[in-house]
Amino acid sequence: MPRRIPSAVSRVTDAAAARGFPRFDLGQIRRGGLDCGRIANCRAIMRLTQYFLPLLRENPSEAQIVSHRLMLRAGMVRQSSAGIYSWLPLGLRVLNRVGQIVREEQDRAGAQEILMPTIQPAELWRESGRYDDYGKEMLRIRDRHERDMLYGPTNEEQITAIVRDAIRSYRDLPKNLYHIQWKFRDEVRPRFGVMRGREFLMKDNYSFDLDAAAAKHAYNKMFLAYLRTFARMGLKAIPMRADTGPIGGDLSHEFQILAETGESEVFCDRRWLDTDILAADVDYDSDLEPFFRHWTSLYAATDEMHKPENCPVPPEQLVSARGIEVGHIFYFGAKYSKPMGAVVTGPNGDEVPLEMGSYGIGVSRLVGALIEANHDDAGIIWPDSVAPFRLGLINLRPADAKCRAAADDLYAKLRRAGVEVLYDDRDDSPGAKFAAMDLIGLPDQLIIGPRGVAAGTIECKNRRSGARVDLSLDAALTRFTSA
RNA sequence: CGGGGCGUAGCGCAGUCCGGUAGCGCACCUGCUUUGGGAGCAGGAUGUCGGAGGUUCGAAUCCUCUCGCCCCGACCA
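Heads up: the first sequence begins at 2 in the numbering used here, then just goes up one per residue.
The hints are simulated quantities; they were obtained by calculation from the structure and are not laboratory data.
Mixed in with the good hints, there may be bad ones.
What the hints assert, rightly or not - As a list, the in silico EDC-like pairs of lysine to aspartate or glutamate whose alpha-carbon atoms are at most 16 angstroms apart:
hint, residue 1, residue 2
1, K137, D212
2, K308, D244
3, K137, E147
4, K176, D166
5, K339, D351
6, K137, E188
7, K339, D212
8, K403, D385
9, K462, D439
10, K176, D286
11, K137, D187
12, K237, E188
13, K176, E114
14, K434, E460
15, K217, D251
16, K308, D270
17, K176, D108
18, K403, D439
19, K184, E138
20, K414, D475
21, K339, E352
22, K217, D288
23, K308, E266
24, K217, D286
25, K462, D385
26, K184, D166
27, K217, E290
28, K339, D166
29, K339, E128
30, K237, E200
To be verified - Estimated spans, in silico, between C-beta atoms of each pair:
hint, residue 1, residue 2, range
31, Q65, G432, 26 to 32 angstroms
32, G419, I85, 16 to 22 angstroms
33, A214, Q101, 31 to 37 angstroms
34, Q101, R272, 31 to 37 angstroms
35, R58, A83, 23 to 29 angstroms
36, D108, A83, 33 to 39 angstroms
We treat Cβ as the ideally placed atom computed from N, Cα and C, and that holds for glycine.
Kindly generate the complete structure, drawing on both the sequences and the hints.
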C-alpha cells in the first residue's frame, strides 16, 4: 500500500479515536490480528441522540401479553400486519444474539450451516405428499409463469432434495445441516406478538444417517445441544415427550418454558421445578444414551401425550402448568427419504433410504419467551447472554460540561475496550432517562450526574437486583472491561 | 373457522345512544425556566373520524356493504 494512503487513513482513525472509536492498526488488520466483527460493532451507533429507538410511554391497545407490550414499548418491533413484524435496531440485536447462541451450539454439535430459500417450488411438496396435506396454513404463490410456488413453512422437502442429489454412499454419512431462515405459516389466529406470528425466524436442521442407531445418536446430540442452547440464554426449557404432528415420525420432544402466558398445557414431575438445567458439557462423540435417559427419566409431557390414567407420577407429585414451546425435535426415519428417493448405497451394496430427523428452534419466538421469563413492572430485564447492549450509560446532565466530559470519556473508553454500551446523551429529565433505561432492560446501568462527578464517582445499578454502588470512573471501567 | 369486541392526531382515549364548524392527556415544534425517578410556564403544529355507497339542508354520529386489528374457542414451531 502506498505510503501516503496510510497516513490519510491514520488521520481518519485519529478523528475516530477522539469520538470513542478504536484506532485501527492497518498492519494488524492485514495480519488478521484484529477482529473485523468487533470493528464493525465499534462503528455502530450507540448514542441515544442518534439511535433509532422509538419508545412508547403507553401500552398499545393491540398488545395484550407482557412480552408483546414491552417489545412494542421498548422500540424492538413494529407490527406490519397480523402476525408479521419489522425488527427495529434494538430488537434485531436481541434476535441476532439469540440466533448466534443457537448457531454456536449447532456448530459445536457438529451441524453445518447452510441457507435455503424462503420460496419453494410446489413440485417438491407434491413429491412428499404434503402439498395437499398441509392445508391453508401454507401460503401458496403463483409466479409469472403460472408455476405453483409456496413460502416455506418448513424445509424437509427442500433439504431432502439437496441431499439426495449430492449423497450417494453411506461413506458420506452422517450429515447434519441447519439454517436459520424466515418461515411463514398462515395461522388462522396469530397472537402473542412474535411468539405466535405468521412470519417467524426459525433454526431448523436435518440429520441424515444410515440406520436407526446412528439416527438416534444424531437425535441425542441435538437433545444435548438444545439443553445447552436454552441454558445459555438463562432459560429453563424442559424436554417433554411430544406428539409428532404433521411432521410425523416415531420419537419427539418439545422443549417447553413454563410461563403463565404459555399457550399449551403441560405436565411434569414436581422435581423439575428444582432441577437446574446446566449448560452440560458432554462429549458429543461419546455414547449419549445414558445422558438422554437421565434427562428423560423425570416425567414431562405435553397435553396430547399426557394420559392421566397411566401417568407414572402420583397426582400430588404432578405439576400442571402452561408452557411456551421454544424447541421441537423429531426422529421420523424414512418418512421423506423414501417417497423422495433419498437413498445411499450401503456397505453391502443395497440401496438404503436415509434415516432422518428434524430439529427446530423458534428464534424469534425465543425473544418473546425471554421477556415473558425476564421482566418486572418497569420493563424488560435481559439476561447478559442475549442483552442488546451489555451496559446503559446515562448522563443525567448533558448540558453540564463536567458531566459531559466524564460521560463522553467513559463512553469512549468502554467502546475502545469493545464493550457494547448504549449511551443516553439526550437532554431530557432524569426520571425519563431512568424509566427508559429500565424499560429496555440492559443488565447494568452506569449513571453519571453532577452529584457523583463532584465526588469523583458514578453510580452503577444492576437492573435485575436493583443494587446500586458508587464507583470511581476507573473502577467502573475495570469492572466491565476485565471480564 | 365459529363466537365477541374495537377502528377518531404518533400513543392512550372521549364524542356515536339523541345528526349541527372534531376534542382531551401524553408525545411533537419554538422560547424561557428547570434537572438524581416519566419537570414548569407561554406559544404552536398535527386528522381524508378505516374505506365505499346511501339517507339528510347537514353524517364521526343513522343505514348498507367492505377492509383491518384484538380477545375467547378450535388449530399450530
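Outcome of the hint check:
1. K137 / D212: violated (35 angstroms)
2. K308 / D244: holds (12 angstroms)
3. K137 / E147: violated (19 angstroms)
4. K176 / D166: OK: K176 and D166 at ~14 angstroms, within 16 angstroms.
5. K339 / D351: holds (14 angstroms)
6. K137 / E188: Answer holds: K137 to E188 is near 8 angstroms, not above 16 angstroms.
7. K339 / D212: Satisfied, since the Cα-Cα distance of roughly 13 angstroms is no more than 16 angstroms.
8. K403 / D385: Violated. K403 to D385 sits at ~31 angstroms, over the 16 angstroms cutoff.
9. K462 / D439: Cα-Cα ~10 angstroms, so holds.
10. K176 / D286: Within the cut-off at roughly 14 angstroms; holds.
11. K137 / D187: holds (7 angstroms)
12. K237 / E188: With Cα atoms ~27 angstroms apart, K237 and E188 exceed 16 angstroms; violated.
13. K176 / E114: Holds - the C-alpha atoms of E114 and K176 are around 11 angstroms apart, at most 16 angstroms.
14. K434 / E460: Within the cut-off at roughly 14 angstroms; holds.
15. K217 / D251: Between K217 and D251 the Cα gap is close to 11 angstroms, so the pair holds against 16 angstroms.
16. K308 / D270: Holds, because 14 angstroms separates the two Cα atoms, which is no more than 16 angstroms.
17. K176 / D108: holds (12 angstroms)
18. K403 / D439: violated (25 angstroms)
19. K184 / E138: holds (11 angstroms)
20. K414 / D475: holds (10 angstroms)
21. K339 / E352: It holds: about 11 angstroms lies between the C-alpha atoms, which stays within 16 angstroms.
22. K217 / D288: The given pair, whose Cα atoms are some 11 angstroms apart, holds under the 16 angstroms limit.
23. K308 / E266: It holds: about 13 angstroms lies between the C-alpha atoms, which stays within 16 angstroms.
24. K217 / D286: Measuring from Cα to Cα gives roughly 13 angstroms; hence the hint holds.
25. K462 / D385: holds (14 angstroms)
26. K184 / D166: violated (24 angstroms)
27. K217 / E290: Between K217 and E290 the Cα gap is close to 9 angstroms, so the pair holds against 16 angstroms.
28. K339 / D166: holds (14 angstroms)
29. K339 / E128: Cα-Cα ~10 angstroms, so holds.
30. K237 / E200: Violated, at roughly 25 angstroms.
31. Q65 / G432: 26 to 32 angstroms: Hint holds: Cβ distance 27 angstroms, inside 26 to 32 angstroms.
32. G419 / I85: 16 to 22 angstroms: violated (35 angstroms)
33. A214 / Q101: 31 to 37 angstroms: holds (33 angstroms)
34. Q101 / R272: 31 to 37 angstroms: holds (32 angstroms)
35. R58 / A83: 23 to 29 angstroms: 24 angstroms Cβ-Cβ, so the 23 to 29 angstroms window holds.
36. D108 / A83: 33 to 39 angstroms: Since the Cβ atoms of D108 and A83 sit about 35 angstroms apart, the hinted range of 33 to 39 angstroms holds.
Comparing the model with each numbered hint stated earlier shows that hints 1, 3, 8, 12, 18, 26, 30, 32 do not hold.
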